[in-house]
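**Q** Those protein sequence lines, which keep their order, are chains A and B.
To convert, note that position 213 of the first sequence is 213 in the UniProt record's numbering; the numbers rise steadily by one, no gaps.
To convert, note that position 142 of the second sequence is 142 in the UniProt record's numbering; the numbers rise steadily by one, no gaps.
Worth flagging that the hints you see were computed from the coordinates, not collected in a lab.
Misleading hints may appear alongside valid ones.
Claimed, not checked - Reference listing, derived: stretches of chain A covered by chain B, where coverage requires no fewer than 3 residues with Cβ under 8 Å from a Cβ of chain B:
| hint | region |
| --- | --- |
| 1 | 132–146 |
| 2 | 174–185 |
What the hints assert, rightly or not - Pair ranges (Cβ atoms, derived):
| hint | chain 1 | residue 1 | chain 2 | residue 2 | range |
| --- | --- | --- | --- | --- | --- |
| 3 | B | 19 | A | 32 | 28 to 36 Å |
| 4 | A | 92 | B | 24 | 49 to 57 Å |
| 5 | A | 32 | B | 22 | 26 to 34 Å |
| 6 | A | 34 | B | 111 | 15 to 23 Å |
| 7 | A | 32 | B | 117 | 13 to 21 Å |
| 8 | B | 271 | A | 253 | 52 to 60 Å |
| 9 | B | 22 | A | 145 | 55 to 63 Å |
| 10 | A | 256 | B | 23 | 49 to 57 Å |
| 11 | B | 147 | A | 145 | 50 to 58 Å |
| 12 | B | 192 | A | 26 | 45 to 53 Å |
| 13 | A | 136 | B | 274 | 19 to 27 Å |
| 14 | A | 92 | B | 27 | 52 to 60 Å |
Glycine included, every Cβ here is placed at the ideal spot set by N, Cα and C.
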Amino acid sequence: MNDLTTRPEAEGDMPSASGPWPVELDDVTVRYPNGVVALKNVSLTVGAGEMVAVVGLSGSGKSTMIRTINGLVAPTSGSVRVGPHAVSELRGRALRHARGDIGMIFQGFNLADRASVFHNALVGRFSHMPTWRTTLGLATEADRAMVMRSLDSVGMLEKVWHRAGALSGGQKQRVAIARALSQEPAVMLADEPVASLDPPTAHSVMADLAAINASRGLTVLVNLHLMDLARQYTTRMIGLRAGEVVYDGPAASATDADFEAIYGRPVQARDRLGE
Amino acid sequence: MTQAPASSVAKAAPQVPPKPRTWPRTLGIVAVLAVLTALTATPALGGVEIDLGAIAKNWTNGADRIGKMLTPDLSVLPRTWQPLLETLQMAVVGAAISAALAIPLSLWAARPTNPNAPFRAAVRFVLNVIRAVPDLVYATILVAMVGVGALPGVITLVLFDIGIVVKLVSEAIDSADAAYMEAGRAAGGTQSQINRLTALPQTWPAYVSQVMYSLELNVRISAILGLVGAGGIGRLIDEMRGFYRYDALSTIVLEILIVVVLIELASNVLRKRLR
Ligand SMILES: Nc1ncnc2c1ncn2[C@@H]1O[C@H](COP(=O)(O)OP(=O)(O)OP(=O)(O)O)[C@@H](O)[C@H]1O
Ligand SMILES: [Mg+2]
Numbered sequence: 001m002n003d004l005t006t007r008p009e010a011e012g013d014m015p016s017a018s019g020p021w022p023v024e025l026d027d028v029t030v031r032y033p034n035g036v037v038a039l040k041n042v043s044l045t046v047g048a049g050e051m052v053a054v055v056g057l058s059g060s061g062k063s064t065m066i067r068t069i070n071g072l073v074a075p076t077s078g079s080v081r082v083g084p085h086a087v088s089e090l091r092g093r094a095l096r097h098a099r100g101d102i103g104m105i106f107q108g109f110n111l112a113d114r115a116s117v118f119h120n121a122l123v124g125r126f127s128h129m130p131t132w133r134t135t136l137g138l139a140t141e142a143d144r145a146m147v148m149r150s151l152d153s154v155g156m157l158e159k160v161w162h163r164a165g166a167l168s169g170g171q172k173q174r175v176a177i178a179r180a181l182s183q184e185p186a187v188m189l190a191d192e193p194v195a196s197l198d199p200p201t202a203h204s205v206m207a208d209l210a211a212i213n214a215s216r217g218l219t220v221l222v223n224l225h226l227m228d229l230a231r232q233y234t235t236r237m238i239g240l241r242a243g244e245v246v247y248d249g250p251a252a253s254a255t256d257a258d259f260e261a262i263y264g265r266p267v268q269a270r271d272r273l274g275e
Numbered sequence: 001m002t003q004a005p006a007s008s009v010a011k012a013a014p015q016v017p018p019k020p021r022t023w024p025r026t027l028g029i030v031a032v033l034a035v036l037t038a039l040t041a042t043p044a045l046g047g048v049e050i051d052l053g054a055i056a057k058n059w060t061n062g063a064d065r066i067g068k069m070l071t072p073d074l075s076v077l078p079r080t081w082q083p084l085l086e087t088l089q090m091a092v093v094g095a096a097i098s099a100a101l102a103i104p105l106s107l108w109a110a111r112p113t114n115p116n117a118p119f120r121a122a123v124r125f126v127l128n129v130i131r132a133v134p135d136l137v138y139a140t141i142l143v144a145m146v147g148v149g150a151l152p153g154v155i156t157l158v159l160f161d162i163g164i165v166v167k168l169v170s171e172a173i174d175s176a177d178a179a180y181m182e183a184g185r186a187a188g189g190t191q192s193q194i195n196r197l198t199a200l201p202q203t204w205p206a207y208v209s210q211v212m213y214s215l216e217l218n219v220r221i222s223a224i225l226g227l228v229g230a231g232g233i234g235r236l237i238d239e240m241r242g243f244y245r246y247d248a249l250s251t252i253v254l255e256i257l258i259v260v261v262l263i264e265l266a267s268n269v270l271r272k273r274l275r
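Chain A with its partners taken away, still in its complex shape (with noise of 0.2 Å):
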């Protein structure tokens, strides 16, 4: 329904970063300080413009894997790059320059809730907001058009001045993606994006993922657990167990014998959402 190839005046006002940009993880092993090992020697390289399924049970490392790529989790060794960005070496003010390109999409939607729906979306332009501007609440003209034309972009424009805790869950994730595009990424990453959401609503909420992916030409990472959605609408998967890649090939020829290698178990009804 806001199916994102069908708003042709979306494509090509907004240019992201620099073009779309590969992504590289160079042997990354990340050890949490409780002695975790959450990602295994993880070495793989993301193409500019793909999209791309990172699949997995539970517990598999798969938001490790993604929060490594935008630096919320530092590797303990290998290193991390994401188009020019050495993220893995940055901190400070380069780690931030760097997180404002890599937009991020959360399986919770992570919106301040009384805060309205303009005040969440402009979140995505700190990066490009010095400290003083934010702190006046002075955003400049082209932030809020900015904002305007991603939140028009995901069909949430006219729900700009409500707060975002009175919205549904369908609607908090297309503010948590406008927020996102605000940040005019040149990579989208999403942690479970429809884990919380009804199944007419992730299939929504995917096509718009997948619209971003084809009309702006983002690069695309998003973790699923439901192998259905990894096969309808991402065109390479990669299979995480216990913190190792086990399976990277094309998404949607990916057999449940496949599935059933990633998952060390049986196919079973949860793994897949239906309609």
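Got chain A sorted already, so can you dock chain B with the ligands onto it with the hints?
**A** Then chain B with the ligands, alone, in the frame of chain A:
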């Protein structure tokens, strides 16, 4: 037919882990509390002296005064307007100044809005010191420093209010779910940007209700501050008490009660609108 359910029930008998025993701990806590109470009420051990006999001996004194207070003397009313107005002014000005100061202080004192641990500890330490000093001590010292009048009263109220508003608001921030912060960080925002645009609106309801509460406390406290010359209705209370005019005193108490109830009502209306 009948076989299948029976066998599945037999197979499904789950192994419940043993429930931890809690009664020894409960018993221990009760015992410690009982011993502490006994110790603190034993004069031989330096505890407080609870002399029930004194109450029995002097009850006629008290009853006499209570009797007078039950028949309020309304003739004192005209004399109360001016000091009551002064009390209200002190309460409002004190609450307003402390409310403004409490905004940055609360954000600095809470962990989610200030990840810098040493800075946070320093802010909390200063606030603990401010809270540890009783309001009458502030008032007495300030009267000696700046002279008798409303000014020492207002400064006392500001210090007192900052202590409670910052403590309660920062605790509310500490205990609230702050997933939206992660989105701000992922978008490349600085902590100040995240605080200003998202943490602040999230904190609004707790903040408003604490400020209203401090206003209510101010009215009650300034009744006492007058005793040490720090302005307001307390001066009149001191005078009436000096002349043993308990009937006039109760009129003043009733007035304060009415003001406090009115503030409470206004606070409820505000809180409802913010919800
Ligand atoms: N902050 C943390 N501190 C310590 N251990 C963590 C932390 N975050 C994750 N882990 C552990 O790292 C492992 C991988 O977790 P991760 O969240 O990446 O898995 P996931 O594939 O996203 O799982 P899910 O599908 O449940 O979200 C798990 O064993 C988890 O318990
Ligand atoms: Mg996860």
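**Q** Hint by hint, note whether the structure agrees.
**A** Structure-based check of each hint:
With a cut-off of 8 Å between beta carbons, the region 132–146 of chain A has 3 residues touching chain B; three or more are needed, and the interface restraint holds. As drawn, the region 174–185 of chain A meets chain B at 4 residues by the rule of a beta-carbon pair under 8 Å; at three or more, the given contact holds. Between residue 19/B and residue 32/A the CB atoms are about 30 Å apart, so this pair conforms to the stated range of 28 to 36 Å. Checked against the hint of 49 to 57 Å, the pair residue 92/A and residue 24/B passes, with Cβ atoms roughly 51 Å apart.
In this structure the hint that residue 32/A and residue 22/B lie 26 to 34 Å apart at CB holds, the actual value being about 31 Å. A C-beta distance of roughly 19 Å is found between residue 34/A and residue 111/B, which places it inside the suggested range of 15 to 23 Å. For the pair residue 32/A and residue 117/B, the beta carbons lie near 20 Å from each other, so the given range of 13 to 21 Å is met. Taking the beta carbon of each, residue 271/B and residue 253/A are about 58 Å apart, inside 52 to 60 Å as hinted.
The hinted window of 55 to 63 Å between residue 22/B and residue 145/A holds, with their beta carbons roughly 60 Å apart. For the hinted restraint 49 to 57 Å between residue 256/A and residue 23/B, the CB-CB distance of approximately 52 Å keeps it satisfied. Range check, residue 147/B to residue 145/A: about 57 Å between beta-carbon atoms, so the 50 to 58 Å window is met. The hint said 45 to 53 Å for the Cβ distance between residue 192/B and residue 26/A, and at roughly 34 Å that hint is violated.
At about 23 Å, the CB distance of residue 136/A to residue 274/B agrees with the hint of 19 to 27 Å. Taking the beta carbon of each, residue 92/A and residue 27/B are about 53 Å apart, inside 52 to 60 Å as hinted.
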